[in-house]
Amino acid sequence: MKKNIFKEFTKGLAKENPILIIMLGLCSVLAVSTDVANAIGMSLGFSFVLIISELLVSIFRKIIPNEVRIPIFLVFIAVPTTIVDLVMKAYFPPLSKSMGVFIPLIVVNCIVLGRVEAFAYKKGVLETLMDSLGMAIGYSWVIILLSIIREVLGKGTFLGLRVLPKAYLPMSILTFPPGGFFLIAVFIAILNGILNRRS
Amino acid sequence: MLSNLLKIIIAATIVDNMVFIRYIALCSYVGVTNSIDASIGMTFAVIFVQTIATAITWIVFHLFMQGLEFLQIIVFIFTIASLVQLVEIYLKKNVPSLYKAMGIYLPLITTNCMILAVTLINIDKNYSFIESLVYAFGASLGYGLALLILAGVRERLRLSNIPKFFRGYPIVFASMALIAIAFLGFKGLIK
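Line by line, the protein sequences give chains D and S. According to my numbering, the first sequence holds residues -13 to 185 in order. According to my numbering, the second sequence holds residues 58 to 248 in order.
Hint data in this document are derived by calculation from the structure and do not stem from the laboratory. Heads up, some of the hints might be wrong.
Okay, derived cross-link-like pairs now, DMTMM-like style, lysine to aspartate or glutamate, Cα gap no bigger than 25 Å in a straight line [as the list claims (entries may be wrong)]:
1. D:Lys75 <-> S:Glu126
2. D:Lys83 <-> S:Glu126
3. S:Lys149 <-> D:Glu103
4. S:Lys221 <-> D:Glu2
5. D:Lys(-7) <-> D:Glu113
6. S:Lys157 <-> D:Glu53
7. S:Lys149 <-> D:Glu53
8. D:Lys83 <-> S:Glu188
Some chain D residues near chain S, calculated using beta-carbon distances under 7 Å [stated by the list, open to error]:
9. Pro57
10. Ala153
11. Pro156
Positions of the beta carbon are idealized from the N, C-alpha and C atoms, including for glycine.
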């Protein structure tokens, strides 16, 4: 029993990583990972929404009628998203501005709806908590690592501070969409390679 | 007036292409481009739902939501979800052939980030009713364009010899990167 619960947690980190393996929720990952600060803000907001909504659905799963479950899930997701959106607007206005439409878009982030539908609606509260924690961390490490590569190599800065010498010519293509797509391709290839070798 | 609308539609379709420049709607994008038929079905479904959803959310926001702006996200997503459900029921009953062509894509559309994103952007940019409709139409047209391009590329990829680790999704993203470079070329076309 204990081992099982631990497994729910670890599967989100690599084996069923929401971004690199299940390939969901890519929009926010690519759009926000041009800056490390944005990526951290996004992963915090996303984790909050994911954990709260999964827990809510898991708690109420017995009284949610099957036919109208999707609209109900959406409301459960939209409420924490609104909270995140308003908090960001109030306390971190520049961050909120640079992430723009992508905070409200957490509502339709396929990972959240996918986990709620595939996992939280069927499983107990404790397992759901572990699952959502694992998925949140799995999402966060990918987006933060991606943003570090893109900001350091693409702009020569880290969290806005210059880390590479002035003589370094930034590869600004990395901060543009093509660089983002290509980095994701490389990430998936590497993770697939590692998982293949292990099995 | 007309040139303004033309500007909006070109900007939405090509210059600010939803998929390649704004990174919106990637999940469904990667999933659907498996086949050209599916891409065509999805394109029409998106154009259809996007335009209706934009019209309804614009009216709802400007008529009923003065002072309630903080409810925007919840109201919009609820409107879109119920709209999609309604369209699905209507098509199933009255236009079975159309339902057969795009029915399976309709439930997916609720979670297509593009629908919600475009409605939010319209409010954000303070577009008038006509401008919002044109923007929505242009954006979904751009999405359809992107779908068809990648679907064609993937059809070719199936026959080519790909390095072992890049098989499957990685090569798709690498090709998307190349297409995105092409789309970057349109930058600055419209000021």
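To see whether the hints hold, each was checked on the structure:
1. Taken as a hint, the lysine 75 (chain D) and glutamate 126 (chain S) pair is honoured in the structure, with Cα atoms around 13 Å apart against an allowance of 25 Å.
2. As the CA atoms of lysine 83 (chain D) and glutamate 126 (chain S) are separated by approximately 17 Å, the hinted pair is consistent with the 25 Å bound.
3. Straight-line distance between C-alpha atoms of lysine 149 (chain S) and glutamate 103 (chain D) comes to about 24 Å, which keeps the hinted pair within the 25 Å bound.
4. Proposed proximity of lysine 221 (chain S) and glutamate 2 (chain D) is supported: the alpha carbons are some 21 Å apart, at most 25 Å.
5. Annotation: proposed proximity of lysine -7 (chain D) to glutamate 113 (chain D) holds, straight-line Cα distance about 10 Å (limit 25 Å).
6. Of the pairs offered as hints, the one joining lysine 157 (chain S) and glutamate 53 (chain D) holds, with about 21 Å between alpha carbons and a cut-off of 25 Å not exceeded.
7. Under the criterion of a C-alpha separation no larger than 25 Å, the hint pairing lysine 149 (chain S) with glutamate 53 (chain D) is consistent with the structure, at around 16 Å.
8. For the given pair, lysine 83 (chain D) sits about 23 Å from glutamate 188 (chain S) by alpha-carbon distance, which is consistent with the 25 Å threshold.
9. Interface hint status for proline 57 (chain D): upheld, as the beta-carbon distance to the closest one in chain S is roughly 5 Å, under 7 Å.
10. The restraint placing alanine 153 (chain D) at the interface with chain S is violated, with a minimum CB-CB distance near 26 Å, outside the 7 Å limit.
11. Evaluation of the proline 156 (chain D) hint against chain S yields a violated restraint, the C-beta minimum of about 16 Å exceeding 7 Å.
Comparing the model with each numbered hint stated earlier shows that hints 10, 11 do not hold.
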